[in-house]
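**Student:** Quick note, the sequences are listed as chains G and A, same order.
Residue numbers for the first sequence, in the working numbering: 1 to 191.
Residue numbers for the second sequence, in the working numbering: 1001 to 1141.
Please keep in mind that the hints were generated in silico from the structure rather than gathered at the bench.
What you are looking at is a predicted structure, and each value in this text was computed from that prediction instead of being measured.
Each hint should be verified, as a subset may be incorrect.
Interface residues of chain A toward chain G, partial, derived using beta-carbon atoms under 10 Å [as the list claims (entries may be wrong)]:
id, residue
1, Tyr1034
2, Ile1037
3, Tyr1069
The C-beta atom is built at its ideal place from N, Cα and C for all residues, glycine as well.
The primary structure of each chain is shown beneath.
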Amino acid sequence: MKQEANDEYALVQAVLSREACAFEELVRLYQRLCWHITYRMVRDPDEARDLCQETFLRVHRQLHQFRFECPLKSWIGRIAYSIALRHLERRRQMPAVSIDVADLPDDETPIAAVDLEAGWADEELVSRVRAGVDALPPIPRTLLTLFHLEEMPVAEIALITGMSEGTIKSHLFRGRLRLKDWLQRRGVSRR
Amino acid sequence: MNFSETEWQQQNAAMRQARNLGPGGTQDMDLACYQLIARVLAERPQGDLPDEFARQTAALVPDDRRQRYWRESNIALLVVFGMLMASCMAAAHFVLGMKWDGVSKNLAAISQWLTYEPWLLTGVAGFGIVQWMIFRMRVRE
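Kindly produce the complete structure, drawing on both the sequences and the hints.
**Tutor:** Here it is in structure tokens:
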């Protein structure tokens, strides 16, 4: 952990002193996180790419203000999140905050008595669950991605989003519960 | 949908099981559903940033030396312009014997010159245009 903080400090100092390739290295280290946040928020690859670029240019402009009070990863994640959020607001697609207003896909034929263990390998079922995840509002979708894919603890997600830990837990809980209910309503069962 | 600590624990247990063991091992329908959901949520989203994204982004960062060059050349241009103006005023005073008659009178005289001497107007306008172009280039940089 300490080694990680030292590496982070060295990298930031290298970027600030304009060392060759230091900023490129920083981008390479955090581009995956940035992509996951922006893509989950806007769901458009081209827009997400532009937002990632905007994020890193802002990181470069504001890096001298970074005080090492939180991990660099969280600081960059917060910038990516706020840029994506503002982008959605500009697009007048205000991110629905409540999971209850999410319209999960409802027009498909019911899944008849799928065995969940077999379903694990059943690409059709998996792609339906993917569609269900995609249908969630941008903010819960992004929180779930940070929690499951990035394996971030709730406290770190709170640093990125500026939400309270309780709100984040509530989003995660209701998002997964909604998906589970939706799966069960569609006839997924254990044989 | 009220928060339930038991169900929250179940969701997280399913996440850990999906991460470590893969599917199955449970007769609990809810847990099995959560395992499948956890598997999908842990998938990387479709698409990705191009391989050269880091290099391209780093290339977009403004070059400090270039910015400093523009800033310094702009200042130098202003200094040259100021010196030219001062030389003109000194020449007008010492060679042509013109006197300083106060701001308003001198401004009136300058505006008369601008009207009568198109080359002077062209020069001032040209300087303005060059300054504007330099400003635009700096903004683009």
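**Student:** Taking the least C-beta to C-beta distance, is Tyr1034/A closer than 10 Å to chain G?
**Tutor:** 6 Å, holds
**Student:** Taking 10 Å as the limit, does the beta-carbon of Ile1037/A come near enough to a beta-carbon in chain G?
**Tutor:** 5 Å, holds
**Student:** Report holds or violated for the interface hint on Tyr1069/A, using the least CB-CB distance to chain G and a cut-off of 10 Å.
**Tutor:** It is violated, given that the least Cβ distance between Tyr1069/A and chain G is near 15 Å, above 10 Å.
Comparing the model with each numbered hint stated earlier shows that hint 3 is the single one that does not hold.
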